[in-house]
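*Asks:* Chain residues, written in single-letter form:
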Amino acid sequence: MKRNEVITVGLLVFLVFILKFIIPKPVQLSYTVSMITIILLGLVFVYILIRTLQGRLIGRRVVFLLVGISLSLPFFMKLTLNIPVSPEVRSVYDALQKLPPGSKVLASFDYDPPSAPELQPMAVAFMKYAFDHGLKVIIMGLWPQGPQQADQAIQSAFKAEPSLKKKIKYGRDYVNLGFQAGNEFVILRMGESFKAMFPSDLNNTPYDSIPLLNNVSNFSNLDFCMNFSAGKPGTAEWVQIAVDRFKLPVAAGNTAVQAPMVYPYLNSHQLVGLLGGMSGGAAFEKLTKKPGKATTYILSQSFAHTVIVIFIIIGNIAYFSRKKENK
Amino acid sequence: MKREIPVAITFIVGTAYLIAYFIPHKPFNYFENWFNDWFAVIAAFAIWLGVLNLIKISTIKIFQKKPDWPYSVLIIISFVIIVFFGFYEGYKGLYAHPSYSFRDPGTSFDWLYVNVYTPLSATMFALLAFFVASASYRAFRARNFEATLLLLAAFFVMLGRVPVGDILTSWLPHQYQLSQWANWIMNVPNTAGQRAIMIGIALGLVSTSLRIILGLERSYLGND
Numbered sequence: 004m005k006r007n008e009v010i011t012v013g014l015l016v017f018l019v020f021i022l023k024f025i026i027p028k029p030v031q032l033s034y035t036v037s038m039i040t041i042i043l044l045g046l047v048f049v050y051i052l053i054r055t056l057q058g059r060l061i062g063r064r065v066v067f068l069l070v071g072i073s074l075s076l077p078f079f080m081k082l083t084l085n086i087p088v089s090p091e092v093r094s095v096y097d098a099l100q101k102l103p104p105g106s107k108v109l110a111s112f113d114y115d116p117p118s119a120p121e122l123q124p125m126a127v128a129f130m131k132y133a134f135d136h137g138l139k140v141i142i143m144g145l146w147p148q149g150p151q152q153a154d155q156a157i158q159s160a161f162k163a164e165p166s167l168k169k170k171i172k173y174g175r176d177y178v179n180l181g182f183q184a185g186n187e188f189v190i191l192r193m194g195e196s197f198k199a200m201f202p203s204d205l206n207n208t209p210y211d212s213i214p215l216l217n218n219v220s221n222f223s224n225l226d227f228c229m230n231f232s233a234g235k236p237g238t239a240e241w242v243q244i245a246v247d248r249f250k251l252p253v254a255a256g257n258t259a260v261q262a263p264m265v266y267p268y269l270n271s272h273q274l275v276g277l278l279g280g281m282s283g284g285a286a287f288e289k290l291t292k293k294p295g296k297a298t299t300y301i302l303s304q305s306f307a308h309t310v311i312v313i314f315i316i317i318g319n320i321a322y323f324s325r326k327k328e329n330k
Numbered sequence: 216m217k218r219e220i221p222v223a224i225t226f227i228v229g230t231a232y233l234i235a236y237f238i239p240h241k242p243f244n245y246f247e248n249w250f251n252d253w254f255a256v257i258a259a260f261a262i263w264l265g266v267l268n269l270i271k272i273s274t275i276k277i278f279q280k281k282p283d284w285p286y287s288v289l290i291i292i293s294f295v296i297i298v299f300f301g302f303y304e305g306y307k308g309l310y311a312h313p314s315y316s317f318r319d320p321g322t323s324f325d326w327l328y329v330n331v332y333t334p335l336s337a338t339m340f341a342l343l344a345f346f347v348a349s350a351s352y353r354a355f356r357a358r359n360f361e362a363t364l365l366l367l368a369a370f371f372v373m374l375g376r377v378p379v380g381d382i383l384t385s386w387l388p389h390q391y392q393l394s395q396w397a398n399w400i401m402n403v404p405n406t407a408g409q410r411a412i413m414i415g416i417a418l419g420l421v422s423t424s425l426r427i428i429l430g431l432e433r434s435y436l437g438n439d
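Sequences listed follow chains A and B, in order. By the working numbering, the letter at position 152 of the first sequence is numbered 155, and the numbering carries on one by one without gaps. By the working numbering, the letter at position 201 of the second sequence is numbered 416, and the numbering carries on one by one without gaps.
Hint data in this document are derived by calculation from the structure and do not stem from the laboratory. Treat the hints loosely; a few may be bogus.
[Claimed, not checked] For lysine-lysine, the following BS3-like pairs were computed, each having C-alpha atoms within a straight-line distance of at most 27 Å:
1) K5/A - K276/B
2) K307/B - K168/A
3) K5/A - K281/B
4) K289/A - K101/A
5) K241/B - K198/A
6) K292/A - K107/A
7) K241/B - K250/A
8) K307/B - K172/A
9) K280/B - K5/A
10) K250/A - K198/A
11) K162/A - K296/A
12) K307/B - K198/A
13) K296/A - K235/A
[Claimed, not checked] What follows is a list of derived Cβ distance ranges for each label pair:
14) F79/A - S422/B: 53 to 59 Å
15) I320/A - L342/B: 23 to 29 Å
16) L56/A - L335/B: 36 to 42 Å
17) K327/A - I296/B: 57 to 63 Å
18) I262/B - G174/A: 26 to 32 Å
19) I41/A - G437/B: 57 to 63 Å
20) M413/B - D97/A: 22 to 28 Å
21) L342/B - F48/A: 19 to 25 Å
22) L335/B - I41/A: 29 to 35 Å
23) A98/A - R426/B: 38 to 44 Å
24) N329/A - L264/B: 56 to 62 Å
25) S385/B - L56/A: 27 to 33 Å
26) S223/A - I296/B: 42 to 48 Å
27) S196/A - V329/B: 29 to 35 Å
[Unchecked claim] Quick partial rundown of chain B residues pointing at chain A, CB under 7 Å, derived from the structure:
28) N248
29) A255
30) P320
31) A344
32) M401
Using N, Cα and C, we set each Cβ at its ideal position, and we do this for glycine too.
Bound-form chain A, shown alone (with noise of 0.2 Å):
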């Protein structure tokens, strides 16, 4: 290990002993710190610009300790943003509503952990709103951690709310059925048979056992779909087999990398509605008036951005201006 290598997790491991025990509570900066502290970000901002302009790029580190500030400093400040409702989020809103109580809802976890920051917020917000109105969830999962991190999702809304801990009782209003293997062909047979896919749920329990799934044998005895995906098999494979063979109305959650490749289905009616990303997760939580962990990562997010576009903008004024001084 060299020395810098070592100084940095030195350094990392004193932040940590100091977030945990010196400041054990969270802090909140007022809006006017908060507002001193963005102008602050703003000056280094012009420095860099006024230096990349002399023809000296800053360096990598100093890059990534800027993203790094823009991403931590927004959990401590006491801001609110309007987030913006796109259409296809209205859409997923709208269909759920539409949805009147004991309508059964399939809800394929399609993710892993390192896409978890961005799709377990907005699967929490669906649990707390499928829960509140009544919904019945089964619950399954074309990638192996997808059911582990639905039980973490019912157990972050359970947490949130804990009167639906009270009120909701697995069997009855949700169910598990877990992984299994075969990713589209998961679908395409259980457009013909869900036993024959997954003949126990998570905890072994028969699926005869199991008193939601009493009527349900395929697509046609649910009311609605709704996807969480991070890649494939994900999204695409639920349209091309569950919505364009089996008629099912599948809405998406989407991590923003894969949102814009779902938008052809989108345009064409195939999906009902799409949440692309934390600003999807944000905005089903501004209409479920139930803000979660998407309304804070958001802020966080929406600074992170703009740091970028501040990069290209600085990156783009100097290449220009050199191009001019050449000429």
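Given chain A's structure and the hints, the job is docking chain B onto it.
*Replies:* For chain B alone, coordinates are given in the frame of chain A:
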């Protein structure tokens, strides 16, 4: 026979799926269901194959002391720990009253998943933000028309997708605010491009699939 049998299986299964798609009635739907069940079993075995392959590659790396071999030791140790706790909790849960899954909240497997695996893998993904920022500062330049278009799209979508975009353009009428521009970019130029890619992929898939089913394309069988 080493090549003929796989080609025959591919032909039979491929043809059955093709017919079942257009005629989803007896007996073709039975064939389809049958092959779907087979696929699920084969896919489950593929997971084992992946695990064994990982162990094999890591072990060879350790014994031959190849570069970065200590990471392979870490892989094997992590694998053994997670498998041990998975089996241990699974066995305990099976005979408990009421029974529970090894993945249920409160189990040691779940503790490892939540407190070790989740933060580590999320960190790897989060590193992307830092590299994107560095690359955008050093390399994202409007050098030509195509790069300028890409840059403008990035500008509108990145700011329009977060609340700060509308704050910056709050003085404009609603339909001209950055979020509306981002929506337009995603719905019109993005969708057009994605459709073109999708149609291209679909046509390529159809022709390649037909070549595989008919036995004209055999590269998937390897060189043995």
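*Asks:* Each of the hints needs a verdict: does it hold here or not?
*Replies:* Taking the hints in turn, this is what the structure says about them:
Distance check on the hinted pair: K5/A and K276/B sit about 24 Å apart at the alpha-carbon level, within 27 Å; holds. The hinted pair formed by K307/B and K168/A meets the criterion: a straight-line CA distance of about 25 Å does not exceed 27 Å. Taken as a hint, the K5/A and K281/B pair is honoured in the structure, with Cα atoms around 21 Å apart against an allowance of 27 Å. Restraint check for K289/A and K101/A: the C-alpha separation of about 18 Å stays at or below 27 Å, so the hint holds.
In summary, the hint linking K241/B to K198/A is supported, as the alpha carbons are separated by about 20 Å, within the 27 Å threshold. Among the hinted pairs, K292/A with K107/A is consistent with the structure: their alpha-carbon atoms are about 23 Å apart, no more than 27 Å. Taking the CA atoms of K241/B and K250/A, the gap is about 21 Å. The hint holds against a cut of 27 Å. For the suggested pair K307/B and K172/A, the alpha carbons sit about 23 Å apart, so the restraint of at most 27 Å is met.
At most 27 Å may separate the alpha-carbon atoms for a hinted pair to count; K280/B and K5/A meet this at roughly 21 Å. For the hint linking K250/A to K198/A, the alpha-carbon distance of about 20 Å falls within 27 Å, and the restraint holds. Between the alpha carbons of K162/A and K296/A the distance comes to roughly 13 Å, so the proposed pair stays at or under 27 Å and holds. Proximity of K307/B to K198/A is assessed by CA-CA distance (about 26 Å); at most 27 Å being required, the pair is judged to hold.
Simply put, K296/A and K235/A have alpha-carbon atoms about 25 Å apart, close enough for the 27 Å limit, and the pair holds. One distance hint, 53 to 59 Å for the beta-carbon pair F79/A and S422/B, holds here, with the actual separation near 56 Å. As the Cβ distance of I320/A to L342/B is approximately 27 Å, the hint placing it in 23 to 29 Å holds. In this structure, L56/A and L335/B meet the distance hint of 36 to 42 Å, their C-beta atoms being roughly 40 Å apart.
About 60 Å separates the C-beta atoms of K327/A and I296/B, a value consistent with the hinted range of 57 to 63 Å. At about 28 Å, the CB distance of I262/B to G174/A agrees with the hint of 26 to 32 Å. The supplied range of 57 to 63 Å is met by I41/A and G437/B, whose beta-carbon atoms lie about 59 Å from each other. The hinted range of 22 to 28 Å is satisfied by M413/B and D97/A, whose Cβ atoms lie roughly 26 Å apart.
With their beta carbons about 22 Å apart, L342/B and F48/A fall inside the hinted range of 19 to 25 Å. Checked against the hint of 29 to 35 Å, the pair L335/B and I41/A passes, with Cβ atoms roughly 32 Å apart. Distance hint check for A98/A and R426/B: the Cβ-Cβ separation is about 40 Å, which falls inside the suggested range of 38 to 44 Å. Restraint check, N329/A to L264/B: a C-beta distance of roughly 57 Å satisfies the suggested window 56 to 62 Å.
For S385/B paired with L56/A, a C-beta distance near 30 Å keeps the hint of 27 to 33 Å intact. Roughly 44 Å separates the CB atoms of S223/A and I296/B, a value that falls within the hinted 42 to 48 Å. A beta carbon spacing of about 34 Å between S196/A and V329/B agrees with the range 29 to 35 Å that was offered as a hint. The interface hint given for N248/B is met, as the beta carbon of that residue sits about 6 Å from the closest beta carbon of chain A, less than 7 Å.
Given the 7 Å rule on beta carbons, the hint for A255/B holds: about 4 Å separates it from the nearest Cβ of chain A. The beta carbon of P320/B comes within 6 Å of a beta carbon in chain A, closer than 7 Å, and the hint placing it at the interface holds. Here the hint on A344/B is kept, as its CB sits about 6 Å from the closest CB of chain A, short of 7 Å. Of the supplied interface hints, the one on M401/B holds, with its beta-carbon coming within about 6 Å of a beta-carbon of chain A, less than 7 Å.
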